[in-house]
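Chains as they are written, first to last, in our numbering: chain A, 1 to 41; chain B, 1001 to 1512.
Be aware that one or more of the hints could be misleading.
Below, computed lysine to aspartate or glutamate pairings styled on EDC-like, alpha-carbon distance capped at 16 Å [unchecked claim]: (1) B:1393 to B:1408; (2) B:1477 to B:1441; (3) B:1380 to A:12; (4) B:1393 to A:12; (5) B:1117 to B:1151; (6) B:1302 to B:1037.
Label pairs and their calculated CB-CB ranges [as the list claims (entries may be wrong)]: (7) A:24 to B:1111: 52 to 58 Å; (8) B:1126 to A:24: 56 to 62 Å; (9) B:1359 to A:24: 29 to 35 Å.
Please keep in mind that the hints were generated in silico from the structure rather than gathered at the bench. All values derive from a computational prediction rather than experimental measurement. Even glycine gets a Cβ: it sits at the ideal position worked out from N, Cα and C.
Here are the chains, one letter per residue:
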Amino acid sequence: MLKGAKVVVIGDRDGIPGPAIEECVRSAGAEVVFSSTECFV
Amino acid sequence: MNSVIQATGYILAHTPDMLVHNGTTQTAERAANPQSEYLQQMPRYLRNYQQAIEYLPNQTYIGNLTPEQLAQIDQPWYDKKAEGAVRFGKFGEIMPQDEFLLLMQSCDVFDLVWLSKTFVECTKPRLSSHPLIGEDILSKIKDGVEQESVERYVHVEHAEPLYHLGELVGFVKRAHDVDINLSAHVMLENLVSKATSVLALLHLIHRAGIDKSAVSYVIDCSEEACGDMNQRGGGNFAKAAAETAGLTNATGCDIRAFCAAPAHALILAASLVSAGTHQNVVVTAGGCTAKLGMNGKDHVKKGIPLLEDVLGGFAVLVSKNDGVNPEIDTFLSGRHTVGTGSSPQAVITALVTEPLDRGGLKITDIDKYSVEMQNPDITKPAGAGDVPLSNYKMIAALAVKRGEIERDEIGAFVEKHGMVGWAPTQGHIPSGVPYLGFACDEILQGKISRAMIIGKGSLFLGRMTNLFDGVSFVLRKNTGAQEECAASEQQIRSMIAKAMREFAENMMREQR
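Bound conformation, chain A alone (with noise of 0.2 Å):
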């Protein structure tokens, strides 16, 4: 699904950091151009 897409990951501490969604998104075929994680408290 995500073959060859760009993907900008905004990952969240308390919930599924960047990293996590990195892994996953990578596997799926995608290519991560920016991955953060962010605290929103």
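Since the structure of chain A is provided, determine the placement of chain B on it from the hints.
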């Protein structure tokens, strides 16, 4: 032998004018867009002191309402009142802004905080009637200066203004002419942190009922840094606050780990006491002006009062095992390590199941989990969701994966082993520790046997690593076991004599 938590203290200071003038959301907005709609509308959404006192989560923070009682009241809470709410609670108090400004001045030993004469005259009598603030602190409050002097320092001398009810009532001077680490802005933030820590310490000592001189070590775990241009984070808030609070026999240090610092500090305190290095160690933290009104734009947009108008503080006394108070079990301590990884499964495994496995316990053997206890009234309207609930769901999901509960039991698990959040979004203040006061009570009353305290910190905000951090520990019912006595000299002599007698008898038997 494990150390115990002997007492806790929790305080808030209601500082709406600091929200307006010192919260970074507001200062950034003022710099970028001084005519913004938010800045114009904001004053209408500020709460007065009575409203802050009547706010249900605030009453929970100081112990007048239990988390269980708060959970029974439908959210949102900002449109409801705690009937008969009062300033002082079981764990501490909610101090009004005017008195807090005087307390701040009494914490300043470099003549940086100045207040107007009329403001001091009007406020000092009320602070003088505070049950825990004695002459040692009151004597440090200066008579005050003329209003013209206040205006001059703010407009000409780079001082940071101090307001009360919208009026300019004082200022914090810069402590150096070029060093930004000693600027008026930084000095204000640091003195606020120190003053809230001092107030928490006073309540802690009062609740513990111990002599101030019995405390030998203090650890500060807030998130500010004090130092100068040659040592930006040199410290030390702990000893500075201990001095003002009258803990004359204490030294101490600062522990920094973003929001995870309180959990780190408690594990260290417990270890210092267990090792016999100290008998009474206090972990303390003051509040943070920068985070006041952090989600204010969303609150105003949704017509909600500015709920982030309080500074938080807490203090915990960790002591030698007395056979009664709840024990900090450092054997059951979890760590998010460099190599742990960041998937929710890896995080919860490191913080929750690894230490439990070590002790032969299941996830359901912990009666209550205290995670990031941010008040959802604040975070939900800002789009950050219900933070404690997200954390509980992750723990429950791992319990399902391990076959300890069924998938359809997740809701029941969260209700039984979790809590609603009640702490203000002051970074380290909501992180695991708000429950300690209640946890001690509930363990002593036999309502629960074990609680797990989890602290998480966003290290990546400091741009030194992409990692975040977390540590945990278990607080459990005291086993009643007293410290084993080492064998006395007499006992050792008896043992040697017995062994020699037996040896001689054996020799004689062999010779026969």
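Each hint tested on the structure:
1. As the CA atoms of residue 1393 (chain B) and residue 1408 (chain B) are separated by approximately 12 Å, the hinted pair is consistent with the 16 Å bound.
2. This hinted pair checks out: residue 1477 (chain B) and residue 1441 (chain B) have alpha carbons roughly 11 Å apart, not beyond 16 Å.
3. Restraint check for residue 1380 (chain B) and residue 12 (chain A): satisfied, since their Cα atoms lie roughly 14 Å apart, inside the 16 Å limit.
4. Among the hinted pairs, residue 1393 (chain B) with residue 12 (chain A) is consistent with the structure: their alpha-carbon atoms are about 15 Å apart, no more than 16 Å.
5. Restraint check for residue 1117 (chain B) and residue 1151 (chain B): the C-alpha separation of about 13 Å stays at or below 16 Å, so the hint holds.
6. Taking the CA atoms of residue 1302 (chain B) and residue 1037 (chain B), the gap is about 13 Å. The hint holds against a cut of 16 Å.
7. The hinted range of 52 to 58 Å is satisfied by residue 24 (chain A) and residue 1111 (chain B), whose Cβ atoms lie roughly 57 Å apart.
8. The given range of 56 to 62 Å is respected by residue 1126 (chain B) and residue 24 (chain A), whose C-beta atoms sit roughly 57 Å from each other.
9. The hinted window of 29 to 35 Å between residue 1359 (chain B) and residue 24 (chain A) holds, with their beta carbons roughly 33 Å apart.
Violated hints are absent here; each numbered hint is respected by the structure.
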